[in-house]
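Throw the hints in and build the complete structure from the sequences for me.
Given next are the chains, with one letter for each unit.
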Amino acid sequence: LAKTTQPISMDSYEGQEVNITCSHNNIATNDYITWYQQFPSQGPRFIIQGYKTKVTNEVASLFIPADRKSSTLSLPRVSLSDTAVYYCLVEGIGTGGGNKLTFGTGTQLKVEL
Amino acid sequence: DAGITQSPRYKITETGRQVTLMCHQTWSHSYMFWYRQDLGHGLRLIYYSAAADITDKGEVPDGYVVSRSKTENFPLTLESATRSQTSVYFCASRSGTSGGYEQYFGPGTRLTVT
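Protein sequence lines correspond, in order, to chains S and V.
Counting in my numbering, the first sequence runs from 1 upward without gaps.
Counting in my numbering, the second sequence runs from 1 upward without gaps.
Among the hints, erroneous ones may be present.
Unchecked claim - A few chain V residues that don't get close to chain S, going by computed Cβ distances all over 12 Å: (1) LYS11; (2) ILE12; (3) HIS24; (4) GLN37; (5) TYR64.
Stated by the list, open to error - Covered stretches of chain S, going by a simulated chain V footprint (3 or more residues, C-beta under 8 Å): (6) 31-42; (7) 101-107.
Stated by the list, open to error - Quick partial rundown of chain V residues pointing at chain S, CB under 10 Å, derived from the structure: (8) TYR35; (9) PHE90; (10) ARG94; (11) GLN103; (12) PHE105; (13) ARG110.
These aren't lab readings, by the way, just hints derived from the structure by calculation.
Backbone N, C-alpha and C define an ideal beta-carbon position, used for all residues, glycine too.
If you want it as structure tokens, here you go:
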């Protein structure tokens with residue numbers, strides 16, 4: 001299983017860019033990297049997914065270096081509503097051996113005024 | 001209702017009792033998953049299913065049983081509940097086809113074993 005490591009917590013202020021890095025040294029060739037956001041008393045919600053290089057959508061960017069042993073979620077101009085726990089997931093996509101999923105312990109992001 | 005639902009949302013049971021948590025999705029997603037979430041451990045995979053009648057163990061399967069006779073349902077049974085199984089349980093589903101592999105999570109079931 002690809003074990004992931006993230007910072008336990010991060011603090012930021014409204015309007016700033018936040019970068020959260022996840023380490024996944026044992027990532028396999030077929031694994032994708034997915035980030036989820038979770039608010040209290042809710043299930044996680046998909047933010048972004050990538051395989052290599054850079055992916056951008058309307059809410060975030062995901063940077064993955066060539067060796068794919070880490071990834072960085074970038075949240076531009078955060079607001080108070082971005083206060084949540086962010087999880088990095090290394091997800092094996094494929095058939096045969098099944099899908100082995102390893103969530104990190106999550107990063108608690110706190111955004112203040 | 002469209003989406004993924006879990007029932008019950010809250011459950012209190014006694015040690016040794018059998019309890020079943022239900023999960024239902026309306027998308028016909030091929031993959032379904034059960035996670036438990038405990039403080040300090042994040043989300044840990046209990047079991048998953050790639051299709052009806054196909055299930056496999058995750059990281060923490062001991063003490064749990066799953067079945068999947070229909071694509072839309074994936075119940076999780078605790079055969080003899082223990083206090084260590086007190087947790088929040090999340091069900092998720094995912095399309096197995098190309099074009100995106102994001103998981104959609106249910107609202108969770110908070111289970112307390114006394």
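Consistency of the hints with the structure:
no.	hint	in the structure
1	LYS11	holds, 15 Å
2	ILE12	holds, 17 Å
3	HIS24	holds, 14 Å
4	GLN37	violated, 9 Å
5	TYR64	holds, 16 Å
6	31-42	holds (count 5)
7	101-107	holds (count 6)
8	TYR35	holds, 8 Å
9	PHE90	holds, 5 Å
10	ARG94	holds, 8 Å
11	GLN103	holds, 7 Å
12	PHE105	holds, 3 Å
13	ARG110	holds, 9 Å
Comparing the model with each numbered hint stated earlier shows that hint 4 is the single one that does not hold.
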